[in-house]
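*Asks:* Each chain is listed here by its residues.
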Amino acid sequence: MTIAAEPAVAVRGLKKSYGDVSALAGIDLEIEHGEVFSLLGPNGAGKTTFVEILEGYRGRSGGEARVLGVDPAHGTRAWRARLGIVLQSTAAFEGLSVEELVAHFARFYPAPMAVSRVIGLVGLEGKRKQRWTSLSGGQKRRVDLALGLIGDPELIFLDEPTTGFDPAARRQAWDVVRELTSLGKTVVLTTHYLDEAEALADRVAVIIAGQVVEVSTPRELGGRARAVAHVTFSASDALAGKPLPVLRGEVRADDGRFVITTDYPTAVVAVLTEWAASHGLDEIPALAVTRPSLEDTYLRMIAEREARDGDKVQARALAGGTR
Amino acid sequence: MRSDEALSAGAVAAPARERSRKQPGILGLSVARTVIELKQFFRQPQSAVFTFALPLLLLLLFGSIFSGTIKGPPGVKAVDFRQYFLAGMIASGVMSTCFNNLAITISLEQHEGLLKRLSLTPLPPAAYFAGKVASCLVISVIETVLMLLVATLLFGVSLPVDLVHWAAFIGVLLGGVATCTLLGIAYTRFIPNSNAATPMVMPIYLILQFISGVFFQFTQVPAFLQAVASVFPLRWMALGFRYAFLPDWFKMQETGHTWNIPLVFGVLAVWLAAGLAVTLRTFRWGRAGNA
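Protein sequence lines, in the order shown, are assigned to chains A and L.
FYI, the numbering for the first sequence is 1441 to 1763, going by the numbering used here.
FYI, the numbering for the second sequence is 647 to 937, going by the numbering used here.
Think of the hints as simulated: they come from the structure by calculation, not from any bench.
Just so you know, not all the hints are guaranteed correct.
[Unchecked claim] Derived pair list, reagent style SDA-like, types lysine to any residue, alpha-carbon separation capped at 20 Å:
#1 K668(L) - A1551(A)
#2 K685(L) - S1537(A)
#3 K685(L) - R1568(A)
#4 K897(L) - F727(L)
#5 K1580(A) - L760(L)
#6 K668(L) - A1531(A)
#7 K1567(A) - R1557(A)
#8 K668(L) - S1537(A)
#9 K1580(A) - S1529(A)
#10 K685(L) - R1740(A)
#11 K1580(A) - A1551(A)
#12 K685(L) - A1551(A)
#13 K668(L) - T1702(A)
Here chain A stands alone, though its shape is the one from the complex (with noise of 0.2 Å):
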């Protein structure tokens, strides 16, 4: 596989707007080849929308932008081979089986995957004759996904693909990226599930109201990897009543669970250890180490971004009632 020196997506200051209604203000963003990069941010962020750019289906209103070395506004047949989506909702292709529709949608790349080896891939191997229509909501979007692989591309747009899947289906489905990018591919992953950002992405951009707030590997991301722990345990049973050590933390009770919030968890636990045995204690019942997920952190920064909205617009509100 060759790799260009060019990203696979560049894109600077891209706009999209709709009459008066911005729906993307100005993005800026690097995705190189081979990674896998998420997408995230809450519905009506303009995820789609920036997507649907980079796919050529949708006009930008401004900026710059290069998809595989191409402005994707005028991207050609042989640009669009090389491109391989899934999108977020399914299309009606009633009347056909699973693998005449794969086979299909094979005649129009130059170079395709095998067709049965696509629909294993997807894992519908036992419904390859079953017409479409008769497919449960998560086995058509596993056609959709078939069908976003079929042409072999290079660089893969995934809008929300697992939505509708159940747990073992997800996990297979996330099975099917980690080989795709173990093959050099790039993938673009829109979804709305934290674990699968945090278990498939290299990195993750947040947009929120049509502005990356920030990009950052899922592990780093809102100072994550900086943040506070929390040590909880349950003091029930022969540690009810008992009077703690000195921790080095903050302690909160809470209806007998004990939470300490601290930067030295190892220690915290090292104290409370001896402690519980000096009451004859090896074990101290429900004990956890948690740092916040990549979910609170996510929910953390919607939040956060949303109180400043809201107080801009009570601030422009408040200027404009003293005027």
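Chain L: place on chain A using the hints.
*Replies:* Below, chain L without anything else, positioned relative to chain A:
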């Protein structure tokens, strides 16, 4: 999604040299689209029953009910009304398999995401349209052949008498298919959502059948309805087919006592051009960048 072994066997990897392979040819893609369109058409009840079988059923039903003849001047054999009716039903069949079919299926494709999905693949739009036109032609030819079989075998209707009349028959059939196909595609512009497709198509079809000389002799339709029908292609297709199937004296029964074949093709050509213009200007792939 499970097979690790399939993956390690290179399921996803395409040799880099294959990248340089040429894009598939437009002719092959058009054929592939035509085949898929035909499969979808005949496998779905909406199209197989309402669009394809309905005109045939109407031919069977009314062919069995209608009796009587249309008399000519002294000395010539009267024309069986079923001979008249067959010409109209063939025209009506073309409208159903081309106009009704495409107006309904394409608006479903627009509103249920198929067109968007196709527009994101390297499939050239020309191959998509070629598949629509070619599949409509095939369906119309099958429909017409079945109607001819039913009419000749069950109702004793006679076929065009000579090459000139056969040529006219084929000319009107091809012209009718082309015009109705383009109009069907163009009409999707006016259908706001997939639920509206059938209610916005079937009434037009039914009304035009009644006033265009399909179920009743055209000259017996009230004059103002004749005027309305004369704006639309169905009345002219039916006239063209009557020229092919009826004896020459029958022109005395037609408006102006003439077959007026040039006008048949003239009206079809004008509607064809109108359909093409609307399609080129307004067809919605859902590819908003081009809208």
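*Asks:* Assess, step by step, whether the Cα of K897(L) is no farther than 20 Å from the Cα of F727(L), and give holds or violated.
*Replies:* Holds - the C-alpha atoms of F727(L) and K897(L) are around 15 Å apart, at most 20 Å.
*Asks:* Taking 20 Å as the top limit, are the C-alpha atoms of K685(L) and R1740(A) close enough?
*Replies:* Answer violated: K685(L) to R1740(A) is near 52 Å, above 20 Å.
*Asks:* Is the hinted pair K685(L) and A1551(A) satisfied, with a Cα-Cα distance of at most 20 Å?
*Replies:* Judged against 20 Å, a Cα distance of about 25 Å means the pair is violated.
*Asks:* With the threshold set at 20 Å, check whether the alpha-carbon distance from K1580(A) to S1529(A) stays at or below it.
*Replies:* With Cα atoms ~10 Å apart, K1580(A) and S1529(A) stay inside 20 Å; holds.
*Asks:* CA of K668(L) to CA of A1531(A), is that 20 Å or under?
*Replies:* With a Cα-Cα distance of about 28 Å, the restraint between K668(L) and A1531(A) is violated, given a limit of 20 Å.
*Asks:* Assess, step by step, whether the Cα of K1580(A) is no farther than 20 Å from the Cα of A1551(A), and give holds or violated.
*Replies:* violated (24 Å)
*Asks:* Does the structure keep K668(L) and S1537(A) at a Cα separation of 20 Å or less?
*Replies:* Violated, at about 28 Å.
*Asks:* Is K668(L) close enough to T1702(A), meaning Cα to Cα at most 20 Å?
*Replies:* violated (62 Å)
*Asks:* Can the restraint linking K685(L) and R1568(A) be considered satisfied, given a maximum Cα separation of 20 Å?
*Replies:* holds (17 Å)
*Asks:* Within 20 Å, alpha carbon to alpha carbon, are K1567(A) and R1557(A)?
*Replies:* holds (13 Å)
*Asks:* Quickly compare the C-alpha distance for K668(L) and A1551(A) to 20 Å and report which way the hint goes.
*Replies:* Holds, because 9 Å separates the two Cα atoms, which is no more than 20 Å.
*Asks:* Taking 20 Å as the top limit, are the C-alpha atoms of K1580(A) and L760(L) close enough?
*Replies:* Holds, at about 13 Å.
The structure is inconsistent with the numbered hints 6, 8, 10, 11, 12 and 13, although it conforms to all the rest.
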